[in-house]
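Q: Each chain is listed here by its residues.
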Amino acid sequence: MKKGITMAASEAILRLESVTKTYQMGDVSVPALVEVSLTIDEGDFVAIMGASGSGKSTLMNILGCLDRPTSGRYFLAGRDVSRLDRDTLAEIRNHTIGFVFQNFNLLARTSALENVELPLVYGGLPTRDRQARAREALARVGLADRVAHHSNQMSGGQQQRVAIARAMVSQPKIILADEPTGNLDSRTSQEIIALLQAQIGAQLPSPEAAII
Amino acid sequence: MNPAQTFRVALRALIRNKMRSFLTALGVIIGVAAVIAMVAIGEGAKARVAESFSSMGSNLLIVMSGSTTRGGAFGGFGSMPTITWDDLKAVQTEVPAVRTATAELRTTVQVQSEDQNWATMVIGTTPEYFEVRSWSLARGSGFTQSDVEGGNKVAILGQTVVDKLFGSYSDPVGQSVRIKNVPFQVIGVLAKKGQSQMGQDNDDTLIIPQTTFQAKIRGGLQKYIQGIIMVSAVSTEDTPKAQTQITDLLRDRHHLQADADNDFSIRNLTELASAMQAGVSTITTLLAAIAAVSLLVGGIGIMNIMLVSVTERTREIGIRMAVGAKSRHILAQFLVEALVLSMAGGLIGVGLGVLAAQRLASAFGWPMQIRLDIVLISVIFSALVGVVFGLYPARKASRLDPIEALRFE
Ligand SMILES: Nc1ncnc2c1ncn2[C@@H]1O[C@H](COP(=O)(O)OP(=O)(O)O)[C@@H](O)[C@H]1O
Ligand SMILES: [Mg+2]
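Residue numbers (the numbering used here), protein chains in the order written: chain A, 1 to 212; chain D, 1 to 409.
Pulled out of the complex, with its shape left as it was, chain A reads as follows (with noise of 0.2 Å):
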């Protein structure tokens, strides 16, 4: 991806500034990202578009605190986060983002419920609070009876929506999702699109921006 984005820059919740992500792969480099800049504000709902391996989950994995750039810089919300150490990033994936994967990346042999709970254990949310915002987040992707349900006992679609419920639970400011629908059926796609905007749109009570 070479090309920069960049869109009316007054209250920038994103912003990458000459992002070059290469990856070294023994001797040879691949240069995945190459000086990417984009500036996405609140209340945005964006798409990225490319081929595939044009680097659209690099720059995913980057603006959602995964990853880091080679050179560059990024500021989320105001902040440099591009040298953070990785426990400081492991905090900003907890609190303000909400990733959303293509392949569901639930744990296995869990339910729904603890699924969804995990990014509050680890905001260290008492288990009462934890367990009602997890409950209440299922029954908004329309998931109120499988709470008990393991990821195995769940189509793809009902897995992706506990997966959305995961990225929203604890209210980020970013919901980041990951070519959300690759592997679902078209059917199935634009119910998960559908409850994404929704989500995005009504439900969550500051939404900042989406990228999917």
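Among the hints, erroneous ones may be present.
Sample of chain D residues lacking proximity to chain A, with all beta carbon distances greater than 10 Å (derived) [to be verified]: (1) Gln5; (2) Arg16; (3) Phe22; (4) Arg99; (5) Glu149; (6) Pro183; (7) Lys193; (8) Gln245; (9) Gln277; (10) Lys326; (11) His329; (12) Trp366; (13) Tyr392.
Just a few of them, taken from the derived set where beta-carbon distance is under 7 Å, the chain D residues facing chain A [to be verified]: (14) Ala325; (15) Leu400; (16) Ile403.
Derived DEER-like restraints, expressed as beta-carbon distance ranges [to be verified]: (17) D:Gly351 <-> A:Arg128: 34 to 42 Å; (18) A:Arg73 <-> D:Arg20: 45 to 53 Å; (19) D:Glu409 <-> A:Gln153: 53 to 61 Å; (20) D:Gly351 <-> A:His95: 21 to 29 Å; (21) A:Ala148 <-> D:Lys18: 17 to 25 Å; (22) A:Thr88 <-> D:Ser281: 54 to 62 Å; (23) D:Arg395 <-> A:Ala148: 28 to 36 Å; (24) A:Gln153 <-> D:Arg399: 32 to 40 Å; (25) A:Ala47 <-> D:Leu307: 25 to 33 Å.
Hint data in this document are derived by calculation from the structure and do not stem from the laboratory. Heads up, the beta-carbon is just placed ideally off N, CA and C, and yes, glycines get one too.
With the hints as your guide, set chain D with the ligands onto chain A.
A: Positioned in the frame of chain A, the structure of chain D with the ligands alone reads:
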């Protein structure tokens, strides 16, 4: 994430793989059980030694004819006796550190009641015998000095002899037994004593005055004692003193030159008992150390399985990190898992060890002594094993890169 939650997550992960968790803990279980059982049995053996020595009598010294330097410890047997009845009298009266002393002549003969017949150890001795051996009477009375002087045909029976000749519930006092066809009147029954330290039945015996013994059972040498002198010292601390005083006295009485060997030997049973106990302790420590090595091997088993587990659960680790788990959360999770494994192994091992010790103890007929300090040390040690061997896998897990962990197949 608080400790209780960490513990719950760890426990759930272990329960998910019950069989594997059990097999992993098995190394620790066996190690701890072995340590506990070894020490319990060793302590039991020590107690047994102490018990059997104290059943011999309190603060006991044994004086035998013959020198130890010439024929070993039992050199006196078969050779001419050198200790006289006058020597016994001198030991009784002239040695300050001696409380009391007696002689013991013994032989095995057939003893008959009216309708039964039993081969037993007949002991010819003096009235002091019961005091020296701290042996009380269950019924009747012992014999007196006048019985010895008169060569009276009176007998005191051990409980086993009573059982064999008269039956367990009868009172033989006043009845008669025949020893070598000579009728003896039963005047007393000894209290039950149990096994001696050599595994013999102390109660399979019959006691008569030494004069009667020499006259009717086995001809004596008049002047010399064809047996041993048993001495009870004033106190345990005084047994070495009694030993030197008796040595001096007998050397003087036997007119031995300064450079001549003793023509008798003295054994201090209190010292022998503590020497034997020390020996048992050494063996116990050795066995426990070997068992402790197996605990270490158990620790390596935990490390091995934890490493496998970390690899298998790389994705899980990635997911946890993605939603906000910090390094220390992951570290704690795996460390607690290893700790729970090893602690559970340790606790089960303690139970199993106690059970094994009980089984073995009852098989050997030994008392068993569980040492609480060893139990505690074993559990703490197994916890330590868990931490030490769990640390490397846990660190490895906590340092995974979230992206790579998530991409792991
Ligand atoms: N861990 C990695 N090591 C080496 N190259 C990588 C790695 N991850 C991604 N790449 C490369 O970076 C480029 C971008 O990949 P990615 O961001 O996954 O693309 P997209 O999500 O748009 O399909 C690809 O050419 C890919 O081969
Ligand atoms: Mg991708």
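Q: With reference to the structure, classify each hint as holding or not holding.
A: Now for the hints, and whether the structure bears them out:
no., hint, in the structure
1, Gln5, "violated, 6 Å"
2, Arg16, "violated, 6 Å"
3, Phe22, "holds, 18 Å"
4, Arg99, "holds, 73 Å"
5, Glu149, "holds, 91 Å"
6, Pro183, "holds, 88 Å"
7, Lys193, "holds, 65 Å"
8, Gln245, "holds, 79 Å"
9, Gln277, "holds, 56 Å"
10, Lys326, "violated, 4 Å"
11, His329, "violated, 6 Å"
12, Trp366, "holds, 49 Å"
13, Tyr392, "holds, 19 Å"
14, Ala325, "holds, 5 Å"
15, Leu400, "violated, 10 Å"
16, Ile403, "holds, 5 Å"
17, D:Gly351 <-> A:Arg128: 34 to 42 Å, "holds, 36 Å"
18, A:Arg73 <-> D:Arg20: 45 to 53 Å, "holds, 47 Å"
19, D:Glu409 <-> A:Gln153: 53 to 61 Å, "violated, 22 Å"
20, D:Gly351 <-> A:His95: 21 to 29 Å, "violated, 46 Å"
21, A:Ala148 <-> D:Lys18: 17 to 25 Å, "holds, 21 Å"
22, A:Thr88 <-> D:Ser281: 54 to 62 Å, "holds, 57 Å"
23, D:Arg395 <-> A:Ala148: 28 to 36 Å, "holds, 34 Å"
24, A:Gln153 <-> D:Arg399: 32 to 40 Å, "holds, 33 Å"
25, A:Ala47 <-> D:Leu307: 25 to 33 Å, "violated, 42 Å"
Checked against the numbered hints listed earlier, the structure breaks hints 1, 2, 10, 11, 15, 19, 20 and 25; every other hint is satisfied.
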